[in-house]
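Q: Construct the entire structure; sequences and hints are all you get.
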Amino acid sequence: AQSVSQHNHHVILSEAASLELGCNYSYGGTVNLFWYVQYPGQHLQLLLKYFSGDPLVKGIKGFEAEFIKSKFSFNLRKPSVQWSDTAEYFCAVKNHGSSNTGKLIFGQGTTLQVKP
Amino acid sequence: DAGVTQSPTHLIKTRGQQVTLRCSPKSGHDTVSWYQQALGQGPQFIFQYYEEEERQRGNFPDRFSGHQFPNYSSELNVNALLLGDSALYLCASTSQLAGGPDTQYFGPGTRLTVL
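So the protein lines, in turn, are chains A and B.
The end of the first sequence is residue 116 by this note's numbering, with every number in the run present.
The end of the second sequence is residue 115 by this note's numbering, with every number in the run present.
Hints listed in this document are in silico derivations from the structure and should not be mistaken for laboratory results.
Please note that a few of the clues may not be correct.
Stated by the list, open to error - For lysine-lysine, the following DSS-like pairs were computed, each having C-alpha atoms within a straight-line distance of at most 27 Å:
| id | chain 1 | residue 1 | chain 2 | residue 2 |
| --- | --- | --- | --- | --- |
| 1 | A | Lys49 | A | Lys71 |
| 2 | A | Lys61 | B | Lys13 |
| 3 | A | Lys58 | B | Lys26 |
| 4 | A | Lys115 | A | Lys71 |
| 5 | B | Lys26 | A | Lys49 |
A: Spelled out as structure tokens, the structure:
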């Protein structure tokens, strides 16, 4: 069965530190890839997405992610985190099949705590 | 431009009861998906509705059912509630009409507690 794995469950960083959150998926076909963020008390928001083209995608708030097809990975990065980046981060995958829409398969999430 | 809205925000039920959760999609969206997010876990897909029909279903029992109305809003019904149904229920909407790969936009969720 298709699955998404986020290796870091809880990450603690100091402000200005660099961030990289790992995400691997298991599916051999064409996929659409997403990173969502859930700030405390808020709903899931889209950070960035990859559909096709340049494998390095840039999202909101200085986040970026790189799709490496050979490694089935879509890692999230930010050069310098801020206290306001404290949140839970979810990687999600969707099969790009015959239907344009379809279920998202989520990883279990990574809790990021940024210390001021 | 209104985003995805859900009601109620919180709900407390007892085992064996039935519950109905409601969702209004983002303006211009015609497809609604429901997800269950247990504490400390990522959201799990329950089902998706388009043109008032269930189009895809995840690995959830028949106790979970849904409906989509002509105005694209949707309901999630859960019968014979179990303690394990306690979770945050998320609604997400997207558009089939736009064509091409889609992005799902999420609502704030309904927190269901089963006692």
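Q: Decide, hint by hint, whether the structure agrees.
A: Each hint, compared with the structure:
1. Between the alpha carbons of A:Lys49 and A:Lys71 the distance comes to roughly 18 Å, so the proposed pair stays at or under 27 Å and holds.
2. With a C-alpha separation of about 39 Å, the suggested pair A:Lys61 and B:Lys13 falls outside the 27 Å cut-off, and the hint is violated.
3. Between A:Lys58 and B:Lys26 the alpha-carbon distance is near 24 Å, which keeps this suggested pair within the 27 Å criterion.
4. A distance of roughly 32 Å separates the Cα atoms of A:Lys115 and A:Lys71; the hinted pair therefore is violated under the 27 Å criterion.
5. A distance of roughly 19 Å separates the Cα atoms of B:Lys26 and A:Lys49; the hinted pair therefore holds under the 27 Å criterion.
Violated hints, in rising order: 2 and 4; the structure is consistent with all others.
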